[in-house]
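K.L.:
Make the full structure from the sequences, and use the hints.
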Amino acid sequence: MELNSKIPAGPLAEKWTNYKFERKLVTPANRRKYDIIVVGTGLAGGAAAATLGEQGYNVKAFTFHDSPRRAHSIAAQGGINAAKNYKGDGDSVQRLFYDTVKGGDFRSREANVYRLAEESVRIIDQMTAQGVPFAREYGGLLDNRSFGGAQVSRTFYARGQTGQQLLLGVYSQLARQIGLGNVELHNRTELIDVVVVDGKAAGIVVRDLLTGEISSHSAHAVVLATGGYSNSFFLSTNAMACNVTAAWRAHRKGAAFANPCYTQIHPTCIPQSDDFQSKLTLMSESLRNDGRIWCPKSPDETRSPELIPEEDRDYYLERRYPSFGNLAPRDIASRAAKIVVDEGKGVGPLKNGVYLDFAEAIGRLGEDTIRERYGNLFEMYERITNESPYKMPMRIYPAVHYTMGGLWVDYELMTTVPGLYAAGEANFSDHGANRLGASALMQGLADGYFVLPNTISNYLAPQLGTTPVPTDHPEFQAAEATAKARFDGYLAIGGTRSPDSFHQELGKIMWDYCGMERTKTGLEKALSEIPALHEEFRKNLRVTGSGETTNQTLEKAARVDDFFELAQVMCLDALTREESCGGHFRAEHQTGEGEAERDDEHFAHVAAWEWTGNASAPNRHTEPLTFENIHLAVRSYK
Amino acid sequence: MSTELNLTLKIWRQAGPDAPGAFDTIAAPGINDEMSFLEMLDVVNERLINDGKEAVVFDHDCREGICGTCSLMIDGQAHGPQKGTATCQLHMRKFADGQEITIEPWRATAFPVVKDLMVDRSAFDRIIESGGYITAETGGASDANLTPIPKPVADAAMDAAACIGCGACVAACPNSAANLFTAAKVSHLNLLPQGQAERYSRVEAMVDTMEDFFGSCTNHGECQEACPKEISIDFIAMMNKDYLKSKFKNRKTLSRN
Chain E
1 MELNSKIPAG PLAEKWTNYK FERKLVTPAN RRKYDIIVVG TGLAGGAAAA
51 TLGEQGYNVK AFTFHDSPRR AHSIAAQGGI NAAKNYKGDG DSVQRLFYDT
101 VKGGDFRSRE ANVYRLAEES VRIIDQMTAQ GVPFAREYGG LLDNRSFGGA
151 QVSRTFYARG QTGQQLLLGV YSQLARQIGL GNVELHNRTE LIDVVVVDGK
201 AAGIVVRDLL TGEISSHSAH AVVLATGGYS NSFFLSTNAM ACNVTAAWRA
251 HRKGAAFANP CYTQIHPTCI PQSDDFQSKL TLMSESLRND GRIWCPKSPD
301 ETRSPELIPE EDRDYYLERR YPSFGNLAPR DIASRAAKIV VDEGKGVGPL
351 KNGVYLDFAE AIGRLGEDTI RERYGNLFEM YERITNESPY KMPMRIYPAV
401 HYTMGGLWVD YELMTTVPGL YAAGEANFSD HGANRLGASA LMQGLADGYF
451 VLPNTISNYL APQLGTTPVP TDHPEFQAAE ATAKARFDGY LAIGGTRSPD
501 SFHQELGKIM WDYCGMERTK TGLEKALSEI PALHEEFRKN LRVTGSGETT
551 NQTLEKAARV DDFFELAQVM CLDALTREES CGGHFRAEHQ TGEGEAERDD
601 EHFAHVAAWE WTGNASAPNR HTEPLTFENI HLAVRSYK
Chain V
1001 MSTELNLTLK IWRQAGPDAP GAFDTIAAPG INDEMSFLEM LDVVNERLIN
1051 DGKEAVVFDH DCREGICGTC SLMIDGQAHG PQKGTATCQL HMRKFADGQE
1101 ITIEPWRATA FPVVKDLMVD RSAFDRIIES GGYITAETGG ASDANLTPIP
1151 KPVADAAMDA AACIGCGACV AACPNSAANL FTAAKVSHLN LLPQGQAERY
1201 SRVEAMVDTM EDFFGSCTNH GECQEACPKE ISIDFIAMMN KDYLKSKFKN
1251 RKTLSRN
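Protein sequence lines correspond, in order, to chains E and V.
Here our numbering is used: the first sequence runs in plain steps of one and ends on residue 638.
Here our numbering is used: the second sequence runs in plain steps of one and ends on residue 1257.
In case anyone wonders, no lab produced these hints; they're calculated from the structure.
It is possible that part of the hints are untrue.
[Claimed, not checked] 27 Å max Cα-Cα, derived BS3-like pairs, lysine-lysine:
(1) E:338 - E:638
(2) E:33 - E:20
(3) V:1053 - E:484
(4) E:253 - E:484
(5) E:20 - E:6
(6) V:1151 - E:539
(7) E:297 - E:638
(8) E:87 - V:1151
(9) V:1094 - E:351
(10) E:508 - E:351
(11) V:1083 - E:391
(12) E:6 - E:297
(13) V:1094 - E:391
Treat the numbers as computed from the prediction; the structure is a model and nothing was measured.
P.N.:
Put into structure tokens, the structure is as follows:
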């Protein structure tokens, strides 16, 4: 397998400009001769479908939701980064680029990240023009706040619901194109296979979630913008339906899967309250602008938090990382919380959290200001826990939140299958081993609005005059037959355990051995337990109901089946990456102070896995990462 | 600390859009009151599967009250008894031991039942497609700070834009009107300077499309009470004002052609 990143030549700051000039174009009058499939209608997919529709291509958009406006991008709370430097505090494209590469622990491509930083500026303009009601100051100009891993204020936000407002903006543009007939929308339709003919992406096989009908769609190019795979852990902050199936099915058809072990554990989520819990709820990173994180100094502390005097509290982030303090990046803040909880200093009924305390900020700014900034987050917290953060510190604990790994893509966002693209969280491209807060929205929108619509013509232009592979081609027929047999198979097993019960057990293995801290022994244990559990799944699964009508149990079974295979490559990736970097922390590789210890000599590369037909034995390939503009350094936030 | 509830659920079951529906009484003992309402349904479904029965179909996704996928009439109230709260954020501590809870899908002609508790809300998408956008094609935007927007205006637009498109307003309305949804969408864009160019064509198209699917508003105000984002019916007044004006303004534009 060849991993050609196709990074354009030239100085870093000119690569993207030069690329855009040198790429092949499709003239406006010819664009209607091309069909493009876009799967997923979140920020990346919705923006790509809308923009390609505007440009004049025939776009077919697919979502498994009832409406494109439901994608999980909607749940992002805190904000979106952009190097606007409206605050005049020293921000620049160069600085956003540097912060992102450093934040990713030097495991991302310089050229991709620089392009992301460049486009960040245009995203804010674009979204404002579409009517996204970003927060403003009294003078009417845009407001900013700070996020982890940055020493400037560059995060734009719309209350605590930035993702919602951005997605509604994208959705409105997509809806406009649907209304104009440029985009054909297929809702409640799930991708169940990718079809490759003569080595190129030819189309997809989908299942109608209302009728169970399986059908094929072909096009000149296919874009997957289908999100991340945090739900392989069962408990995560991802929405319930988020899954890896689209990316995984592409992987099985030849798309390499890059850095699957890079998962982000977000430090500020509401701790689990019991075993029945179906998902975890994030509390925005923006809260760390004003909240102070602490735990009791003594594991035997029993007092209520407001009664614990200052001298008995450990503000451990401020103590360990004085220059970034409570705004240390996510991986660092998460691990620090794990350390104190493992030492028995956890708080709450299950001693599984730490405090995020607003008392000092309320004293300094008044309750009204805090309400203005975080009111809806405080209300959400209170609804879930029955405790008011105005009176009691929040209890928080890290939870799986985002996956930096994903389908390997080159500079053009094309996977190792020609004509198959991956955008947004579904690809691995920009965040390295750790994503900074407020950068996911930025990447999804950059990919969808500004990158893909520029790169896809380079692939399409030479195909002028060709028609998509017809869907009665034997490859489509075979893929449909295989998919049908797979779904019939789940129904026919007739075992005793529900898909959820397997998912929960798989998630526990992943959290225990491939979670915040990984060890060789643990990962090897996971790698023996997962195939065994998958085998039991194949023999003992129970799916009730039929395949000819809405059946959420059946949908879940297919997704869990794919998680089983993905989980193995996640563990293998974690096992073979013998270093600690970003969200990947191997206990064997840490400094005396417990900080992550990278091994640039042996691991300054992307690991891209190739499907071999055996989920336990994929092939590992590497793409070396070269740093010409940034000096590789120990990442310090002290 | 948590306590256990023993509940009786009366759940609407309907095999498909054209099939007859009926209430199914399901005992739900041993429900931890720390659970969310949907986690309670997860537990019920897990038990149904263990008994070899088909799980209850219901729409849900983010479980954080933001995606607007979840729905449910709970004891006749859209999203249940807690004000300003979507079903996914409702917790079982709001219910009492021994309680019988009736769970139905949204009831509105424009939202036909798909199966059990799941309905088809795509009529909302048709309203947006007709004009719920600002025409701003990718690439041509000017600097975001070029047009200052007074904070109160941006805040009011944001109040309207908070709508999650769940459909509770329609379900709660005795007329199955979608005026609160449509007004929220219209007002969000019509308040902003960027939305002025299409202000009157937008409101006319969206209201007219709305009326193709939904009933008429008679100012009951139930929508505002049911809205999980507590969106104000003042926006309906704003929409009506713009709609009325549009009938003159749009005609004037036409006469010039």
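K.L.:
Evaluate each hint against the coordinates.
P.N.:
Hints, one by one, checked against the model:
| no. | hint | verdict |
| --- | --- | --- |
| 1 | E:338 - E:638 | holds, 18 Å |
| 2 | E:33 - E:20 | holds, 22 Å |
| 3 | V:1053 - E:484 | holds, 23 Å |
| 4 | E:253 - E:484 | holds, 17 Å |
| 5 | E:20 - E:6 | holds, 13 Å |
| 6 | V:1151 - E:539 | violated, 60 Å |
| 7 | E:297 - E:638 | holds, 21 Å |
| 8 | E:87 - V:1151 | holds, 17 Å |
| 9 | V:1094 - E:351 | holds, 25 Å |
| 10 | E:508 - E:351 | holds, 19 Å |
| 11 | V:1083 - E:391 | holds, 21 Å |
| 12 | E:6 - E:297 | violated, 52 Å |
| 13 | V:1094 - E:391 | holds, 21 Å |
Violated hints for the displayed structure, listed by number in ascending order: 6, 12.
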